[in-house]
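Residue numbers (this note's numbering), protein chains in the order written: chain A, 525 to 860; chain B, 201 to 523.
Hints were generated in silico from the structure; no laboratory data involved.
Glycine included, C-beta positions come from ideal geometry on N, C-alpha and C.
Keep in mind that the hints are not guaranteed to be accurate.
Said to hold, decoys possible - In silico DSS-like cross-links for lysine-lysine, where the CA-CA straight-line distance does not exceed 25 Å:
id, chain 1, residue 1, chain 2, residue 2
1, B, K492, B, K465
2, A, K715, B, K519
3, A, K621, A, K634
4, A, K715, B, K513
5, A, K774, B, K430
6, B, K430, A, K715
Unchecked claim - Examples of chain B residues toward chain A, derived with CB under 7 Å:
id, residue
7, E332
8, V346
9, T397
10, S427
11, P429
12, A431
13, Y434
14, I458
15, Y461
Unchecked claim - Computed far set for chain A versus chain B, every beta-carbon distance over 12 Å:
id, residue
16, A658
17, E665
18, K709
19, S721
20, E751
21, L789
22, P797
23, S800
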Amino acid sequence: MHSIAILGAGMMGNVHARAYKAIDQKNSLWIVDPVESRAKAISDKYGATVASFEEVLGKGGVDIVDICTPTFMHRELAVRALEAGKHVFCEKPVALKIEDARAMDWAAKKSGRKFMVGHVVRFFPQYARVGELAAAGDVGEIVMARVYRGGSFPSHGVGNWFANTAKSGGVFVDLSIHDFDFLRKLLGPVKTVEARSVALSSERKKDSFDHGMAILRFESGALAHIEGSWAEPAGMPVNFGTFYEFVGTKGMITNSYERETTLRLQTSIDGKPKYSQENPAYFDPYTEELKSFILSIEEDREVSVNGQEAIESLRVALAANLSAELLRPVELSEVF
Amino acid sequence: MTKIAILGIAHMHGYSYARALKGMNDIEIAGLYDEDRSRMNRACEDLGIKPCEHPEELVAGSDGVIVTSENSTHRKFVEIAAGAGKHVLCEKPIATTVEDAEAMIEVCRRNNVKLQMAFPVRYSASVRKAREIVSGGLLGEVVSLVGTNHGRMPGGWFIDPVLGGGGAVMDHTVHVVDIVRWLLNCEFTQVYATYGTMIHDIPVEDCGLEMFKLSTGQYMTLDCSWSRPKAHPYWGDVTLHIVGTEGTLFLDVFNSKIEVYSNEKGGRWDNYGDNLDSLMIEEFLKVLREGKEPFTDGNDGLQSLKAVTAAYKSFREGKVVEI
């Protein structure tokens, strides 16, 4: 049983609150959010106590701080929580700059508390299975990857912070970082990044817009193509999807969100046509991820995604941004 | 009766073109010439075509010529056809060097001969529809493109650095470059490429990724890899994700498929879509019979080859290069 303070009552705050309750009904939750109505919604739904950040830092009973705020706030909140002796779980991306991420990792080392970053894709079964299959060698050594992750623009951010690249880092740092992290884990260190992106302000498209393409060469010689998109029109029936293709020396593994659906629903209620597709499961990757974090605290083991790993994945995303800015290939060694 | 000569049967597309011709009215395949006599005789037997020892004689007795020899020998055969004043349909890529491609265009021009390039993908109804969607403004302003032309490793002369002129980059860059040039009415201006021999033990690259800049301002990536394993149910793909300010379009040219599961032959995808080779050959017959300008011509072949040779240069130099 733990006492957990969730910072940020947005989309991820809700997902984490539900997960902590699923792990153990007896977990006590605190919710911190400047927007009273959002904090209250989580309080009502999951029995969380509304509090301020100062209050939870001062409470000796609170052992875990879980950061679900916009990215640009991560550093300050994480460092202060670690300094107050809390274990910290931080949503991805760890930060917007390497120096911020280093400060967080350093604070964790100094405090001796656990610090884990939410690269949840590693816990998604269709991705975890790729790691297992690669290890089993059915398709030989994986030498090439194509991954897509995208959908419509995330307009749910408070104050539309995703649209501000100074706050979100754009599509590479906020979204494709999932794939950069997964590919790094699968294929090892990245050597060269060639990337381009188109980020359009709301003047040109309502709700903003961002589309990125990156070509990676790994130290091993493996190649990867990463497409990240916040460019699909808003309000589509299927507003998010992923695709992957991993080519090995003896075969390939591929999957697409268009295929992985167990329910397709079409309704016309009061003359309003609606389509949805779903693949519901009892297994929840977010619960699995947080369970892994809690176990590492209880058994005093290394967390599954530590600060150093998060820094390495952030470096790749920043290298993509740098390449897109300079319009030339960037060596990962240029980003430090 | 329109008589067609086939020069070179090194490329498997030659078989497909010959079969397409045999299904058409008022067509006679005058004969087949190939420098490799055993390959010539085998193909002639398979296809029921007359083998010919002398390409010049064969061309002289024909109305039009199809060249499906190895990439590096296209020039020689196109020159024979042009010298005899016969219109030519030439397999892609046009040649292995820009110099050869320019010489081929020039010899055709000098002899008043039309040079059609075998870019069958551009003849697809889906590609035409995509062009209507883009030019009709349904996507708003197109801002980026992501393309693929995957295939299986073809083996044979395709992996001979001299005869093929390269590997996957040479073989699988030009189709998507050609359709994008047509879709957006643009040229390719810059490229960064990275590639390698990743899967097979062969003397040329089998996987490659390219980042292009277009004259209309957009960037486009292309995956030109021979990365479909033997176990894959289909030979490969040509796809293009077009991202616009108001919408997106995903083009998957060969996705008209049924899935076939055979206890004896395993699983495979069977394409039931329009036969693009036939559509392209019908266009060639219009060039021969009606004097129509080719829909895909020598310049299209040259421009797409320039993108390829620049891609190789980019990898050698490790930087973005001008096309």
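Quick check on T397 (chain B) please, does its C-beta sit within 7 Å of some C-beta on chain A?
violated, 9 Å
Taking 25 Å as the top limit, are the C-alpha atoms of K715 (chain A) and K513 (chain B) close enough?
Roughly 20 Å separates the two Cα atoms, so the pair holds.
Residue hint S427 (chain B), partner chain A, criterion CB-CB below 7 Å:
This interface hint holds because 4 Å falls under the 7 Å limit.
Against chain B, does E751 (chain A) hold up as non-interface, every C-beta pair farther apart than 12 Å?
violated, 5 Å
Check whether the Cα positions of K774 (chain A) and K430 (chain B) lie no farther apart than 25 Å.
This hinted pair holds, its Cα atoms lying about 9 Å apart.
Would the stated hint for V346 (chain B) survive a check requiring a Cβ distance to chain A of less than 7 Å?
holds, 5 Å
Minimum Cβ-Cβ distance from S721 (chain A) to chain B exceeds 12 Å
S721 (chain A) is in fact no farther than 12 Å from some Cβ atom of chain B, at 8 Å.
Given P429 (chain B) was flagged as interface, is its beta-carbon under 7 Å from a beta-carbon of chain A?
With a closest approach of 5 Å, the P429 (chain B) hint holds.
Checking hints one by one. Is Y434 (chain B) an interface residue toward chain A, by the C-beta closer than 7 Å rule?
Violated, because the Cβ-Cβ distance from Y434 (chain B) to chain A comes to roughly 12 Å (cut-off 7 Å).
P797 (chain A) non-interfacial with respect to chain B [C-beta, more than 12 Å]
Since the minimum Cβ distance to chain B is about 19 Å, P797 (chain A) lies beyond 12 Å and the statement holds.
K709 (chain A) and chain B, when compared Cβ to Cβ, separated by more than 12 Å
holds, 19 Å
Against the 25 Å threshold, does the CA-CA distance of K430 (chain B) and K715 (chain A) hold or violate the hint?
violated, 30 Å
Violation of the numbered hints given earlier is confined to hints 1, 6, 7, 9, 13, 14, 15, 17, 19 and 20; the remaining hints are satisfied by the structure.
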